[in-house]
Each structure stands twice: as C-alpha cells, then as structure tokens.
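A.B. asks: The chain contents come next:
Protein chains: 2
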Amino acid sequence: MTDNQAGIVTAGVILIGDELLSGLTQDTNLKTLAEFLGPLGVQVREARIIADDAHTIRDTIRAFSHRFDYVFTTGGIGPTHDDITADCVAAAFDLGISEREDALSELRRRYTDNELNSARRRMARIPDGAVLIRNPVSQAPGFQTKNVFTLAGVPRIMRGMLEHIPHRIRGGAQVHSRSVTAEGIGEGDAAAHLAEIARAYPGVSIGSYPFFNAGIRGVTFVARSADEAVLDRIQRELTDLVDNLS
Amino acid sequence: MTDNQAGIVTAGVILIGDELLSGLTQDTNLKTLAEFLGPLGVQVREARIIADDAHTIRDTIRAFSHRFDYVFTTGGIGPTHDDITADCVAAAFDLGISEREDALSELRRRYTDNELNSARRRMARIPDGAVLIRNPVSQAPGFQTKNVFTLAGVPRIMRGMLEHIPHRIRGGAQVHSRSVTAEGIGEGDAAAHLAEIARAYPGVSIGSYPFFNAGIRGVTFVARSADEAVLDRIQRELTDLVDNLS
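From first to last, the protein sequence lines stand for chains A and B.
Start counting at 1 in the first sequence, then tack on 3, and there's your number in our numbering.
Start counting at 1 in the second sequence, then tack on 3, and there's your number in our numbering.
Where hints are given, some of them may not hold.
Since the list gives no way to pick one copy over another, a pair counts as held whenever it fits inside one copy or between any two copies.
[Said to hold, decoys possible] Computed cross-link-like contacts, SDA-like style, restricted to lysine to any residue with a CA-CA straight-line distance of at most 20 Å: (1) 149 to 43; (2) 34 to 158; (3) 34 to 51; (4) 149 to 69.
These are computed hints drawn from the structure, not numbers from a lab.
Only a predicted model underlies this, so the values are computations on that prediction, with no experimental measurement involved.
Could you build the full structure based on these sequences and the hints that come with them?
C.D. replies: Right, dumping it as structure tokens:
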C-alpha cells in the first residue's frame, strides 16, 4: 500500500446503491470525483460500489475513514425508505442523528409547508456535529462528518455540491501527468523499453493503455508524478521510444 | 449482509487499474458484467476499483473468492510492466505461475515468431491449473482460477471473453425487475406510500431513482425479486401510487 506516502493526500470513494450493481445505472461519479480532487492535490486510492445494506455501508465508511485522509460517499440521502446513508454515517462514528434546523431551512427554500411532509423532512436528519454541504440543485443538503463527505448520488446534484467544498479540503502534492499516444504500434513492441523507463523512475506511475478505435490500434502511455521536471524527461523518453518504433 | 441468501448466487467484481482511479478512464465493465450475469442468475454484490498494487490486488482477490460464489477481475493482463494481475491471482491462491503452451498457441494465432518477444510471451504466463478463456479480439487469453475469472480491461476484449464463459457459470434464482416511471412528481410525494409497499414485501428490493432531464423531473421506481408473480403485484401497486399522485 502506498496510502501514506510522504506529501500525498489520499481519498477513498464509496458509491452506494443497488442500481449500480444491477446494471441499471452507469456510474459516472467516480470519474467526476477524481477529476475534482486531482487539481486539489488529493489522490483517489480505492473506490467501492456497495449495495443499500446498512451494515456494509457503516463498516465501509468506518474502515475508509481510518484508511484515507478524505472519504466521499455518493447516494442514499433522498427521502425514500432506501435512503439510509445518513443513519449509516452516524452509526459508523457512534453519533446521534436528528432533524436539524439548518437543514430544514435549506429544504424550506424549495418546499412549501404542505410539500414538506415527513418523508421530505427525513432529508433534514443529519448526524450530530456534521457540517452541511449546500445543494444548489434541489436544496436537500449533503454533510461532512469528520473526514467523510456525504454527497447525493444524482450526478448533477453531486457536481453542484462539489462546488461548495474545495475550501474544506487541504490537499498535498499535486500529481501531474504527461501522456504520449502512438497509433499503429502494439503494447508488446514497446513493453521492454517501457519497463526500463519505469525502472529508472521508481517513484513515478507509468501506465500503458492500448486502444482499438474504428480499426486503428494504438497505445497511450501515461506518466504520473508530483515532479514536473521528471515528467518532462519521461515524456521525451516516451516520445523517443515511439519514434524508434514507428 | 445478504451474500448467502438461499438460492441466490453471488458475484464480486474487481476492477484493476490506476487509470480508473485517476479519472483518465471511465469504467464501463461493471455495468457490462452486471448485465451479463443477471440473466445467468448471478447477482453482483460488490465491486472494488483498486490500483495497480500487487498486495492490494492479491488480498482483494483472496477475500472476494471466499465471500462470493464467483469473482471477476478486469485489467492488468497485457504485456507491459504494470500488468501484474496473473501473478497476483497466483499469489492469492499460493499457486505457481509459468509460461503455458496452450496460452502460447493462442498468441501464435496472432503474432509471428518475430513479434512474439519476451514482453508478449508474458501474456502466456498463467497460474498453475487455471483454465484459459479465449480472447476473440486480440488472442491473449484470460483464465479461470477456481471461482475467479480474470478478464481483460479493454471493454471490447472483455465483452469478447464473456461470450466464452456462460457454460462455466452455474447461476441460481434469476432476479427479475419491474419499473414504473412517472414524470412531474417528486420522490418525496411518493415516499410514504412507497415505504408501505416496501414493508409489505420484505424480500423484494424496491428502489426509487429521481431524474432531472432537460427540465423535466420525475422518478423511476424499480422492484427486483426472483418471484415474478410478486413483482407483477408490486408493479400494479406502483402504478396505482403514481396514478393517485398525478
């Protein structure tokens, strides 16, 4: 595990919902979160996609909270019976949970007293001590409990919530990347030389991603590191590698 | 946990690759696997997206192999230095691993002797006792080790491999679904009645999925169960619920 490398700030992502495991829904939130966190200097180390099961949700939150600097959950904070994430966050940290006036105020921006029935009021149940996260799309808030950010599952709402939290995140070294794409060569042609480059730069993640698009095969090489000078050197070596094979 | 419900056959999915965690690549393999397994009577219970880290891969395979009836890994079986999944499968089961003649034969269908360099020959390294899985796209095979199926990460290749394995999977009760979609109503309007329906059918997973498309909001309710007669009853109740709200 490289979770605790010096200077590296880590995140774990927990995507909650039966619909993601049944094939009903294609998740896109993980990619959105990774693209949001990278520029803040936070690296996603692992993601889990789990069912709407209270024990699984609680245990995963608890484990991830210890293991990573930040944790992001998506899904399960709506008004229906299968929305159990808030209770699971409270259980994970042995906290109470109750309807909160600040969360109700947010809901009142959207709903009339008549619309604010008991189901919708459930969305104002927040673990004790949690700090709300504004929802600019449909008002029902997310919340932050210690290092765990609990966000909506609907992609547009999750993206809206992310706009309100960058100042709460203290990132570390920002990891940059350089990529070199070559058409018409196979991974296997480049592999030996690529392994030499990877060995020469042990702290750098160097990946090789083949593609087959509309009959054209090729490879993209991607190097990732916090050290941009090193990345520039690697990019030149990768470019030379590709030129020698073409 | 509901992993061991009577008649239910379960799967865990392990998606391997730094590129899925950095935001470089959008995974689609989980949805493909869920859609492939559902009709065979296998339910995906959890998925993990993990980095190209040998210990993490090994430990996750080992844990999932005990916990689920079937396990599917994707990614990390190509010719380059970051392709370490085969070694991790071997390590997870304390098996040897070596270049295998049956796997080399597959590679020879594609590569000349000259092209079959040492990097490409790595793709013929298979854990002892594993059964190959044909790759109709680029020949480098996947393989099955006990209850673990090791597949390619490139979506087109993974889909090709899946065509060759249905006969190796012994599914259980097939889970069916019924859905009712209603535009113009909110989840919160339906929640109380929906919870009553869910309570009346404790063995059935009933989910509620709001959407906001091009200014139109609505909800899709989805019921999932092995019992189609029960699903038909629930579908009628959900339709009544929606009619009463419209």
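A.B. asks: Take the hints in turn and mark each one as holding or not.
C.D. replies: Verification of the supplied hints:
1. 149 to 43: Classified as within; 19 Å inside a copy, 42 Å across copies.
2. 34 to 158: both (11 Å within a copy, 17 Å between copies)
3. 34 to 51: both (13 Å within a copy, 14 Å between copies)
4. 149 to 69: within (11 Å within a copy, 33 Å between copies)
Of the numbered hints given earlier, the model fails none.
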